[in-house]
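Construct all of the structure, not just a fragment, from the sequences and the given hints.
Number of protein chains: 4
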Amino acid sequence: PMKLTILIHCPDQSGIIRSVTTFVHQQEGNVVYLDQHVDKQAGVFFMRLQSEFEREIALDTFKAKFEAELADAFQMEWDIYTDDYKPKMAIFVSKYNHCLYDLLSRYNSGELKVDIPFILSNHKDLEYVAGQFNIPFFHIPVGKDNKEEAEERQLALLQEHGVDFIVLARYMQIVSPKVIDVYPQKIINIHHSFLPAFVGAKPYHAAFERGVKIIGATSHYVTADLDAGPIIEQDVTAVSHSHSIQDFIAKGRDLERIVLSRAVQLHVGRKTMVYNNKTVIFS
Amino acid sequence: PMKLTILIHCPDQSGIIRSVTTFVHQQEGNVVYLDQHVDKQAGVFFMRLQSEFEREIALDTFKAKFEAELADAFQMEWDIYTDDYKPKMAIFVSKYNHCLYDLLSRYNSGELKVDIPFILSNHKDLEYVAGQFNIPFFHIPVGKDNKEEAEERQLALLQEHGVDFIVLARYMQIVSPKVIDVYPQKIINIHHSFLPAFVGAKPYHAAFERGVKIIGATSHYVTADLDAGPIIEQDVTAVSHSHSIQDFIAKGRDLERIVLSRAVQLHVGRKTMVYNNKTVIFS
Amino acid sequence: PMKLTILIHCPDQSGIIRSVTTFVHQQEGNVVYLDQHVDKQAGVFFMRLQSEFEREIALDTFKAKFEAELADAFQMEWDIYTDDYKPKMAIFVSKYNHCLYDLLSRYNSGELKVDIPFILSNHKDLEYVAGQFNIPFFHIPVGKDNKEEAEERQLALLQEHGVDFIVLARYMQIVSPKVIDVYPQKIINIHHSFLPAFVGAKPYHAAFERGVKIIGATSHYVTADLDAGPIIEQDVTAVSHSHSIQDFIAKGRDLERIVLSRAVQLHVGRKTMVYNNKTVIFS
Amino acid sequence: PMKLTILIHCPDQSGIIRSVTTFVHQQEGNVVYLDQHVDKQAGVFFMRLQSEFEREIALDTFKAKFEAELADAFQMEWDIYTDDYKPKMAIFVSKYNHCLYDLLSRYNSGELKVDIPFILSNHKDLEYVAGQFNIPFFHIPVGKDNKEEAEERQLALLQEHGVDFIVLARYMQIVSPKVIDVYPQKIINIHHSFLPAFVGAKPYHAAFERGVKIIGATSHYVTADLDAGPIIEQDVTAVSHSHSIQDFIAKGRDLERIVLSRAVQLHVGRKTMVYNNKTVIFS
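Residue numbers (the numbering used here), protein chains in the order written: chain V, 1 to 283; chain R, 1001 to 1283; chain B, 2001 to 2283; chain H, 3001 to 3283.
If you are wondering where the hints come from, they were derived from the structure by calculation, not from laboratory data.
One or more of the hints may lead you astray.
Going by beta-carbon spacing under 8 Å, a handful of chain R positions derived as facing chain H [said to hold, decoys possible]:
{"id": "1", "residue": "Ser-1014"}
{"id": "2", "residue": "Gly-1015"}
{"id": "3", "residue": "Arg-1018"}
{"id": "4", "residue": "Thr-1021"}
{"id": "5", "residue": "His-1025"}
{"id": "6", "residue": "Asn-1030"}
{"id": "7", "residue": "Val-1032"}
{"id": "8", "residue": "Leu-1034"}
{"id": "9", "residue": "Asp-1035"}
{"id": "10", "residue": "Gln-1036"}
No more than 25 Å apart at the CA atoms, straight line, and that leaves these computed lysine-lysine pairs for BS3-like [said to hold, decoys possible]:
{"id": "11", "chain 1": "R", "residue 1": "Lys-1003", "chain 2": "R", "residue 2": "Lys-1186"}
{"id": "12", "chain 1": "R", "residue 1": "Lys-1251", "chain 2": "B", "residue 2": "Lys-2086"}
{"id": "13", "chain 1": "V", "residue 1": "Lys-86", "chain 2": "H", "residue 2": "Lys-3251"}
{"id": "14", "chain 1": "B", "residue 1": "Lys-2113", "chain 2": "V", "residue 2": "Lys-40"}
{"id": "15", "chain 1": "V", "residue 1": "Lys-271", "chain 2": "V", "residue 2": "Lys-86"}
A virtual CB, placed ideally from N, CA and C, is assigned to each residue, including glycine.
Below you can see the structure in the form of structure tokens.
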């Protein structure tokens, strides 16, 4: 059977669930999953619904009817996905390979259901990893003088390959609004986090200096506000005085790989919604 | 047998372990536990050693010999504790009772081996809890105008009862240097923490607004630098979009009680050492 | 506004969500929460729905209509709860007080919204704790010879006080089917757990002997099959070779209190459903 | 400077630490790390000591003196390792690639300081992964009829390449005592674990049926007693009713890779000691 995933958010009001489930029923679909959330502060309703159809349906017709009969009336923002489309994921890296290997080994084993049209880097260091997995690699250096030109080349590549979303797998360059605007809530970043916060240039050192017992990693959608976008996934690990800063960083790497991969899986599974600067992550 | 716990820190150098274990042996003690740590950055050596003595020894003589034969030569800062002394712990509270109940139920069951000469509060709300456990309760209001006088009264009570250390069990007043200086690294505080940090007056709200997935709590020794003292213990718990700010706060309460109690146990067990602004926590 | 929580499970089939949300709408209710789950293996649909009503409604009429218009057609098992009823919780204890204190301090602070008609024990040791919180205490000894009679007295007390559910807060007696049958999925137990399993009489010792690194606790509904009922909540904590069996047990106590309290909160919040031997825990 | 790691266990008695640190001092070494543990039940003393030597020392002479002056007197079992030797690690796999990729990406990035003379499998499925990382791959099928012969070939390969230890990265064959006896406490295995235990052929299914909330993984040294060897490392992750058995298994895979890699790092770092069936894991 054909399977659709419908994501909706709209102003909270009475009757949304009833109307959507009735609509799906009229299209001869069977609801196999429904989760919803109301953000009472913002007055916003969120829903993720999956529906199976015994008979093949015309997606365009379905979407047009959905727009006409429901979306207008409830002022919905919505997306409808079919199960058979593999999203195209570009990976941006610099010199660290831990997140890249984690993503590629999941891709390779079939666990991560995406196409990877290319890996892009501002350095050549990881070209060999792309080679190990037979994935095209593009080297676009980024410097003070050519940042704008580099981003033009990035955008050209992204469009040429029909990329759906971008994973910054430890890409050590700030992505500018020019690229973010083309991929809103479609660029996933990973960075270390601390409990409590340690601001400044060397957070691992500051955390170490205060004898911190827990370090973490946060994956989020990239927004113009640096490292302050909506959070997709986080995790932590214990440290102690017996760990050196190098140990902290090694443990941080392990967190980064697992947290980034989980965030990518949530995105690919259409389980994330963003409103204002906040995520709703369906299970 | 009599049991001593020796805590030492000094400039890192060759021969410390050998010298201390030889000294203990000469005093007819048997080393039953030894853990050490070298902070290579700071060049400081830390050691926790426990020793059993078949024959009763004179503690004052032991300490004097230790000072003369070892401490001088190695420029040691040291403490020596016997097992049979129960430290006197004062608890400061305001209106929240969750940490207080946690401490008192552990005290009551014999798990927390301290004496509690009194509970002190700037409010009367929790007087009844002190009554439930038959512990003296002192009410010292703190306002803009009487802060100095209130602290004089606090210090008088602390000295009168021979208090060894203070636990701020959600005491919602800033403790001033006047008190901190009398109890350096002997005042234990608890507060919530976030991953990453959310600065400002309402961190729970800021964390909620960004869809944070993990919240935490940190227990630390109080220093003049507000909530920036050396960390004793931390823990975290998972949250999601489905939790309200009230849920965040309730989960924060559960973390606060468990993290504060663990920190107090580490302190009472003589397992914490502080150097610069950092803790070494022995296991 | 009046608030109802509806819990349903029934054979999985098309149209359930649509029918229930339409029914609630016809009764002038507004769906404020809906979560559902399909156990595909068992072919069972589960739903938790909360609805607000601007106008006061007659609960009996609502239930009768629900039964007539929905429950029959879909072969539903269902419960409907109002928000204003505080369930009556009996606590059974033996000699350990850690879980009891945890429950009572949450009850005392208003966090645990139940009435506690009595605490019952097969020993007198914890009578003083009941006294601290002004809760009636009944001592019913249980021996080889009087087990049946003791359970008759327990049942009489439970019925006399209209108890809705029972918490075994480290009650060291096996509850017999006679009591379980009167309180199916309404008796909550807590016990330690290990990773992996250690069978036999002394699991802490067996786990210790193998150098286990993680210990846990499990809270579950009591069934006739000892300690094998549907799991409500679990948690774990790290241990190491440096911990003694006594440390294991102390850490186990901390887990037991927090896991049992969370399980009780989930039950009181009407967030648990049981089918076959498995729970669905709504968030 | 040259660095030695000394691992010792012996009957617990007075004077061990003093004697060993004095010996190291006499050899002109400086103790830079010392951790010890006493298993009071077993009456066994464990120590891990690291020592730096300004002058190059003759390892054989050092070992001979150590044996003559200390080991005999204290009935020590001991190992002394230098920092500059990379242990030779063989990897055994079957068809799952997740643990293999994790190990190889750490090896590739220099994080895992070993040599990998070969990967061995009873299937050909993962030969291509060995090729991606340019590591020799040997295919030795194992069936009912050729088990003994297969193990002879395994042992021949292991000896020919001077393998120091073996990692079973999801090798789905029971390793027989013939191989275990040659590599005692030098074969590292990984398997899933549950909380509480679920015995029988399909533990994931049994755990799923009872609505388990936490699943785990355990890495241990292989002994003749199947999956009951001394535990090196464990970790867990949360699951819920919303996860399918396939989700359980995927989460289990993620645990297996991280737990196995951590166990391998502990072994390579000479941080593990085994006595009876229990590990002491130094930090």
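A quick look at each hint next to the structure:
About 5 Å separates the beta-carbon of Ser-1014/R from the nearest beta-carbon of chain H, less than 8 Å, and the hint is met. Interface restraint check for Gly-1015/R: the shortest CB-CB distance to chain H comes to about 6 Å, inside 8 Å, so the restraint holds. Satisfaction of the interface hint for Arg-1018/R is found here, the shortest Cβ-Cβ separation to chain H being roughly 4 Å, below the 8 Å cut-off. Evaluation of the Thr-1021/R hint against chain H yields a held restraint, the C-beta minimum of about 4 Å falling below 8 Å.
The closest approach between the C-beta of His-1025/R and any C-beta of chain H is roughly 6 Å, which is under the 8 Å cut-off, so the hint is satisfied. Taking 8 Å as the C-beta contact cut-off toward chain H, the hint placing Asn-1030/R at the interface holds, the least distance being around 5 Å. Taken as an interface hint, Val-1032/R checks out: its beta carbon lies about 6 Å from the nearest beta carbon of chain H, inside 8 Å. With 8 Å as the threshold, the beta carbon of Leu-1034/R comes within range of chain H, its nearest partner Cβ sitting at about 5 Å, so the hint holds.
For Asp-1035/R, the shortest C-beta to C-beta distance to chain H is roughly 6 Å, which falls under 8 Å, so the interface hint holds. Given hint, Gln-1036/R at the interface with chain H, holds; its Cβ is 5 Å from that chain's nearest Cβ, closer than 8 Å. Annotation: proposed proximity of Lys-1003/R to Lys-1186/R holds, straight-line Cα distance about 23 Å (limit 25 Å). Distance hint between Lys-1251/R and Lys-2086/B is fulfilled; the C-alpha atoms sit about 22 Å from each other, no more than 25 Å.
The straight-line distance between the Cα atoms of Lys-86/V and Lys-3251/H is roughly 22 Å, inside the 25 Å bound, and the hint therefore holds. Of the supplied pair hints, the one linking Lys-2113/B and Lys-40/V holds, its CA atoms being roughly 23 Å apart against a limit of 25 Å. The hinted pair formed by Lys-271/V and Lys-86/V meets the criterion: a straight-line CA distance of about 15 Å does not exceed 25 Å.
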